[in-house]
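Undergrad: What follows is each chain in one-letter form.
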Amino acid sequence: MQATFASRLFWVAVAVLAAGAVVPSFASGYVLGLLTVAFYTAVFAMSWDLLFGFAGEVNFGPTFLIGLGAYTAGILDARFSPGLSLWVCVAAGAAAAVVGGVLLALPALRLRGPYFGLTTLVAVLMLQNFVVVFAGLTGGEIGLAVPDVMSISASTNYWIAFGFMALSGAILYWLSRSPIGLILQASGQDAVQAGALGFNVAKHKLAAFIVSAFFSGLAGALMVFYMGTASVGTFVDLSVGVQVIIAAVLGGRRTVVGAAIGAIFLIGMGELLRPLGELATLIVSVLALLVIMFFPDGFLGMLRGRGAGRG
Amino acid sequence: MIFWQILVDGFAISALYALGATGFTLIFGVSGVLNLSHGAIMVAAAVGAWAAAGELHVGPYAAALIGIAVGMLLAFATYFITVRPIQRSGRIAESEKEIFILTATLLWGIIVQETIAYLFTNNAKTVLPIVDGTVMFLGVRTPTNEFFTAAVCWLAIGALWLLVNKTQRGKAVLAASMNPRGVTLLGIELSGIYLTVWAVYGLLAGIAGILLGMFLGVSSYSVGPLTASAFSIVVLGGLGSVSGSLIAAYVVGYLETLTAYLISPAYRTIPALLLLVVVMYVRPQGLFGRR
Numbered sequence: 001m002q003a004t005f006a007s008r009l010f011w012v013a014v015a016v017l018a019a020g021a022v023v024p025s026f027a028s029g030y031v032l033g034l035l036t037v038a039f040y041t042a043v044f045a046m047s048w049d050l051l052f053g054f055a056g057e058v059n060f061g062p063t064f065l066i067g068l069g070a071y072t073a074g075i076l077d078a079r080f081s082p083g084l085s086l087w088v089c090v091a092a093g094a095a096a097a098v099v100g101g102v103l104l105a106l107p108a109l110r111l112r113g114p115y116f117g118l119t120t121l122v123a124v125l126m127l128q129n130f131v132v133v134f135a136g137l138t139g140g141e142i143g144l145a146v147p148d149v150m151s152i153s154a155s156t157n158y159w160i161a162f163g164f165m166a167l168s169g170a171i172l173y174w175l176s177r178s179p180i181g182l183i184l185q186a187s188g189q190d191a192v193q194a195g196a197l198g199f200n201v202a203k204h205k206l207a208a209f210i211v212s213a214f215f216s217g218l219a220g221a222l223m224v225f226y227m228g229t230a231s232v233g234t235f236v237d238l239s240v241g242v243q244v245i246i247a248a249v250l251g252g253r254r255t256v257v258g259a260a261i262g263a264i265f266l267i268g269m270g271e272l273l274r275p276l277g278e279l280a281t282l283i284v285s286v287l288a289l290l291v292i293m294f295f296p297d298g299f300l301g302m303l304r305g306r307g308a309g310r311g
Numbered sequence: 001m002i003f004w005q006i007l008v009d010g011f012a013i014s015a016l017y018a019l020g021a022t023g024f025t026l027i028f029g030v031s032g033v034l035n036l037s038h039g040a041i042m043v044a045a046a047v048g049a050w051a052a053a054g055e056l057h058v059g060p061y062a063a064a065l066i067g068i069a070v071g072m073l074l075a076f077a078t079y080f081i082t083v084r085p086i087q088r089s090g091r092i093a094e095s096e097k098e099i100f101i102l103t104a105t106l107l108w109g110i111i112v113q114e115t116i117a118y119l120f121t122n123n124a125k126t127v128l129p130i131v132d133g134t135v136m137f138l139g140v141r142t143p144t145n146e147f148f149t150a151a152v153c154w155l156a157i158g159a160l161w162l163l164v165n166k167t168q169r170g171k172a173v174l175a176a177s178m179n180p181r182g183v184t185l186l187g188i189e190l191s192g193i194y195l196t197v198w199a200v201y202g203l204l205a206g207i208a209g210i211l212l213g214m215f216l217g218v219s220s221y222s223v224g225p226l227t228a229s230a231f232s233i234v235v236l237g238g239l240g241s242v243s244g245s246l247i248a249a250y251v252v253g254y255l256e257t258l259t260a261y262l263i264s265p266a267y268r269t270i271p272a273l274l275l276l277v278v279v280m281y282v283r284p285q286g287l288f289g290r291r
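So the sequence lines, in the order shown, correspond to chains A and B. For the first sequence, the working numbering assigns the number 1 to the initial residue and increments by one for each residue that follows. For the second sequence, the working numbering assigns the number 1 to the initial residue and increments by one for each residue that follows.
Hints are computed from structural coordinates only; laboratory data are not their basis. We treat Cβ as the ideally placed atom computed from N, Cα and C, and that holds for glycine. It is possible that some hints are incorrect.
As the list claims (entries may be wrong) - Pair ranges (Cβ atoms, derived):
| # | chain 1 | residue 1 | chain 2 | residue 2 | range |
| --- | --- | --- | --- | --- | --- |
| 1 | B | Ser243 | A | Leu106 | 26 to 34 Å |
| 2 | B | Arg91 | A | Gly195 | 23 to 31 Å |
| 3 | B | Ile263 | A | Ile142 | 20 to 28 Å |
| 4 | A | Val31 | B | Glu189 | 48 to 56 Å |
| 5 | A | Gly270 | B | Leu73 | 27 to 35 Å |
| 6 | B | Ser89 | A | Val31 | 35 to 43 Å |
| 7 | B | Trp161 | A | Asn200 | 41 to 49 Å |
| 8 | B | Gly139 | A | Phe80 | 50 to 58 Å |
| 9 | A | Val31 | B | Thr144 | 52 to 60 Å |
| 10 | A | Met269 | B | Leu119 | 21 to 29 Å |
Let's have the full structure, built from the sequences with the hints guiding it.
TA: Listed below in structure tokens is the structure:
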């Protein structure tokens with residue numbers, strides 16, 4: 001059962017990747033730009049799924065890690081533009097997010113459920129305040145313009161985002177199916193029992209935070225150099241974090257691949273419904289609520305058939 | 001002079017925070033639900049009162065009643081549409097119900113917020129105060145509405161205290177927050193208790209929302225910050241402890257007022273957030289938490 005599902009998940013991933021690979025041959029630059037953003041969001045959602053689905057940590061602040069990566073990379077580039085390579089800035093962004101992930105992990109190892117959730121929420125609000133208060137450094141509410149961009153060609157940007165998503169997805173998926181992922185899953189469901197079996201719960205959870213933070217920060221930093229600006233509204237705001245969480249739950253928790261599908265679906269739906277104006281967010285929220293209430297295992301859960309229970 | 005001003009202003013805003021957080025903590029204490037659509041319900045009540053006064057041309061008292069009715073209606077809707085189906089679902093594992101309720105109430109809040117924005121636009125709305133004018137108090141010119149706000153908040157909190165401690169129904173609610181199974185063994189339906197609690201919650205959130213609409217005004221942008229501030233007050237005081245939330249509301253209210261007056265309104269929320277982080281690290285169960 002587990003094996004058939006695992007292989008079906010694999011084929012879903014292959015189908016998504018194949019679809020992604022043929023899109024540039026016929027799609028317009030506009031669609032490619034949209035998908036580029038969707039692919040970065042997919043990495044955000046997959047990183048969140050590693051923390052929630054496997055380690056069992058309810059992280060309300062994915063944008064804390066994303067924002068740290070995005071703003072570190074953006075500020076470094078804006079300050080030292082010609083002297084510092086764009087890729088050094090990206091690496092620094094990922095490193096800053098990892099530091100942030102360790103900071104978040106410290107209370108997570110002591111607090112349970114809602115208390116940890118709140119810490120992450122507060123972390124986002126603090127980062128948001130920091131960005132607004134130190135406007136001279138961060139560009140404040142207007143946003144920070146970065147002098148460098150990765151490429152001005154829509155298809156190059158598309159391939160970078162696509163490759164990045166495929167690679168991070170593969171690593172995260174592999175990690176989740178490896179013994180480390182199983183230990184994480186065990187500690188997420190019953191930390192005491194996992195500890196009693198001799199697994200170092202704290203060490204594994206810390207590792208999950210670091211990996212999740214690394215990919216969130218990396219994706220955030222790359223997205224800055226795709227967009228050419230960093231702003232609170234795209235990288236830090238709570239609504240961005242909410243979208244990441246909804247994407248992961250919508251696609252199906254504990255699947256990694258589902259999170260990516262959920263993210264692409266959410267961004268695509270948001271765009272399709274854009275002509276409806278303000279109703280767009282409303283309709284997407286209603287849809288997401290319906291899926292969560294009636295198909296708690298998300299899109300991939302539907303694929304497996306109703307009532308299949310937990311994988 | 002500025003000392004008295006901070007004292008008076010801080011008292012009114014803290015009373016408002018206290019009322020907003022009380023309902024939130026009550027729900028958590030009794031049913032373990034963190035309702036992330038809290039801010040949306042408060043704003044909806046205020047907008048309901050505003051629309052009733054503006055479009056139906058009813059008096060301020062009738063408008064306030066309509067607003068409270070909107071708050072209660074939405075509280076029941078939250079319970080029946082999102083919370084109860086998840087609590088009863090056999091397909092969601094017990095350990096995951098928490099995150100499902102959080103996600104579902106969050107989505108529900110967004111739905112309410114977007115509906116408000118669609119029907120009544122995103123503009124800030126101020127509910128016409130029931131009492132207007134200003135009075136001199138301790139040498140400070142203060143809007144009478146501030147006293148009215150503080151008085152109504154404390155009356156409502158006092159009434160809640162009476163309800164919980166002095167009535168049969170209230171005692172059952174209190175017992176359910178301590179030991180739900182024990183209450184069922186005594187032959188009291190838990191679902192009835194949940195209904196009572198959600199009704200009280202809707203009432204409190206409705207009143208708080210309308211008062212907020214009179215005091216500071218609301219818009220659909222205030223939904224997120226309102227939920228976040230209720231959440232942080234409740235955690236600061238200790239989840240499930242009503243008296244803890246009241247004290248925490250005053251700590252946060254005065255910290256914000258002090259910062260706004262003495263440093264800059266731009267930094268208003270930062271000291272309270274810092275305090276919250278320190279408390280989370282040092283005393284994770286909150287100042288007066290039980291666990």
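Undergrad: Could you work out which of the previously given hints the structure breaks and list their numbers from low to high?
TA: Violated hints: none at all, because every hint is consistent with the structure.
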